[in-house]
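**Student:** Residue-level listing of the chains:
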Amino acid sequence: MSEKQIITPSIAEAPEGISGQGYFATSLDKAVGLARKNSLWPLPFATSCCGIEFMATMASTYDLARFGSERLSFSPRQSDLLMVMGTVAKKMGPVLREVYIQMAEPKWVIAVGACASSGGIFDTYSVLQGIDRIIPVDVYVPGCPPRPEQIINGILKIQDLVGNESLRRRNSEMYSDLLGKYNIE
Amino acid sequence: MYPINPDRDQLVVDKLRDRFGDAILLHETLVDMLCITVRKEPICEILNFLRTEQELQYNFLTTLCGMHYPQNDQLGVVYHLQSFTNNHRIRIKTVLELADPKIQTITSIWPAANWMEREAYDFFGIQFEGHPNLKRILNVDEMTAFPLRKDFPLEDQTREDKDDSMFGR
Numbered sequence: 001m002s003e004k005q006i007i008t009p010s011i012a013e014a015p016e017g018i019s020g021q022g023y024f025a026t027s028l029d030k031a032v033g034l035a036r037k038n039s040l041w042p043l044p045f046a047t048s049c050c051g052i053e054f055m056a057t058m059a060s061t062y063d064l065a066r067f068g069s070e071r072l073s074f075s076p077r078q079s080d081l082l083m084v085m086g087t088v089a090k091k092m093g094p095v096l097r098e099v100y101i102q103m104a105e106p107k108w109v110i111a112v113g114a115c116a117s118s119g120g121i122f123d124t125y126s127v128l129q130g131i132d133r134i135i136p137v138d139v140y141v142p143g144c145p146p147r148p149e150q151i152i153n154g155i156l157k158i159q160d161l162v163g164n165e166s167l168r169r170r171n172s173e174m175y176s177d178l179l180g181k182y183n184i185e
Numbered sequence: 001m002y003p004i005n006p007d008r009d010q011l012v013v014d015k016l017r018d019r020f021g022d023a024i025l026l027h028e029t030l031v032d033m034l035c036i037t038v039r040k041e042p043i044c045e046i047l048n049f050l051r052t053e054q055e056l057q058y059n060f061l062t063t064l065c066g067m068h069y070p071q072n073d074q075l076g077v078v079y080h081l082q083s084f085t086n087n088h089r090i091r092i093k094t095v096l097e098l099a100d101p102k103i104q105t106i107t108s109i110w111p112a113a114n115w116m117e118r119e120a121y122d123f124f125g126i127q128f129e130g131h132p133n134l135k136r137i138l139n140v141d142e143m144t145a146f147p148l149r150k151d152f153p154l155e156d157q158t159r160e161d162k163d164d165s166m167f168g169r
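Line by line, the protein sequences are chains A and B.
Residue numbering for the first sequence follows this note's numbering, beginning at 1 and increasing consecutively.
Residue numbering for the second sequence follows this note's numbering, beginning at 1 and increasing consecutively.
Because the hints were derived from the structure by calculation, they are not lab data.
All C-beta atoms in this analysis are idealised placements derived from N, C-alpha and C, irrespective of residue type, glycine included.
Pairwise CB distance ranges, derived in the manner of DEER restraints:
hint: 1; chain 1: A; residue 1: M55; chain 2: B; residue 2: T144; range: 35 to 43 Å
hint: 2; chain 1: B; residue 1: E160; chain 2: A; residue 2: E185; range: 21 to 29 Å
hint: 3; chain 1: A; residue 1: E98; chain 2: B; residue 2: R136; range: 16 to 24 Å
hint: 4; chain 1: A; residue 1: A89; chain 2: B; residue 2: P132; range: 23 to 31 Å
hint: 5; chain 1: B; residue 1: E155; chain 2: A; residue 2: D29; range: 40 to 48 Å
hint: 6; chain 1: B; residue 1: E41; chain 2: A; residue 2: S48; range: 38 to 46 Å
hint: 7; chain 1: A; residue 1: P106; chain 2: B; residue 2: R159; range: 30 to 38 Å
hint: 8; chain 1: B; residue 1: A112; chain 2: A; residue 2: A89; range: 22 to 30 Å
hint: 9; chain 1: B; residue 1: P153; chain 2: A; residue 2: A89; range: 13 to 21 Å
hint: 10; chain 1: A; residue 1: S48; chain 2: B; residue 2: C44; range: 35 to 43 Å
hint: 11; chain 1: B; residue 1: C44; chain 2: A; residue 2: E98; range: 36 to 44 Å
When you get a sec, could you build the whole thing from the sequences and use the hints?
**Tutor:** And the structure:
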């Protein structure tokens, strides 16, 4: 057998807490964060070549299932993570916004690739100059298109956000102000 | 490349000149095919004649598109026709004034022109009179400009991060 081994954690690490014989205590935030971050249901919104890279990310070589995201949801109502991959035309903008509004809280958004992040090379009348003009974005993945490693890195960054998010964040004024900026709700 | 057939080109020009006279402004054979510039008023009659005339039979409208000549303040419409029976193609051009970009629709001759005329309207603002449903087809409905006119800026005007001093212009 080769000495090279790909090590993937099969069990998520326990969060900080107090443990003794027969018990373990931690805050609810951390326990919920742990559960959420290791079972994200992504909704792929793939419009061009970045979507092809995402297919490679999901397939066996890169295998996103290692990070608990193998269950893609094609219904916005049952997904946690909106993955926008590819060029979004201005005419597509209202559709993307509708998809985002239909997702249940808590929800996160990742912009994969130059086009979704900033419009990319398509600085022209028909292309939305970055999806953050219509919906809030948590993580941007640069690249044209990014490699699967970069997409996985983006998902890991999302997992960090999810795991460390306060349970109160979605009820805070700051959050409703953020959505208010995009005229959502 | 499509073979040029000078005999047939001449036949088309002769028949058009014979029938429409002054309405045929110019004809030239460019690298690919015969190109005839005509007055815009009788465009329906000319195209219908080309389609139905026994020896011509240009029964297929390959494409239709708009043009903009900014130096002359003119717009234009180009029709590409093909005759399946005679294996021959021609191009018909018309010129419209930018101030009054109106031309007859040809949807009654080829229903397929419906979406092509909508596209030419969407991008150049050419008004096709008599068109059954002349509205934007590709761009967002809220758009007010005609983006393929040469005076329309190429880059998206909503970008704030493109500083001219950084891009050397």
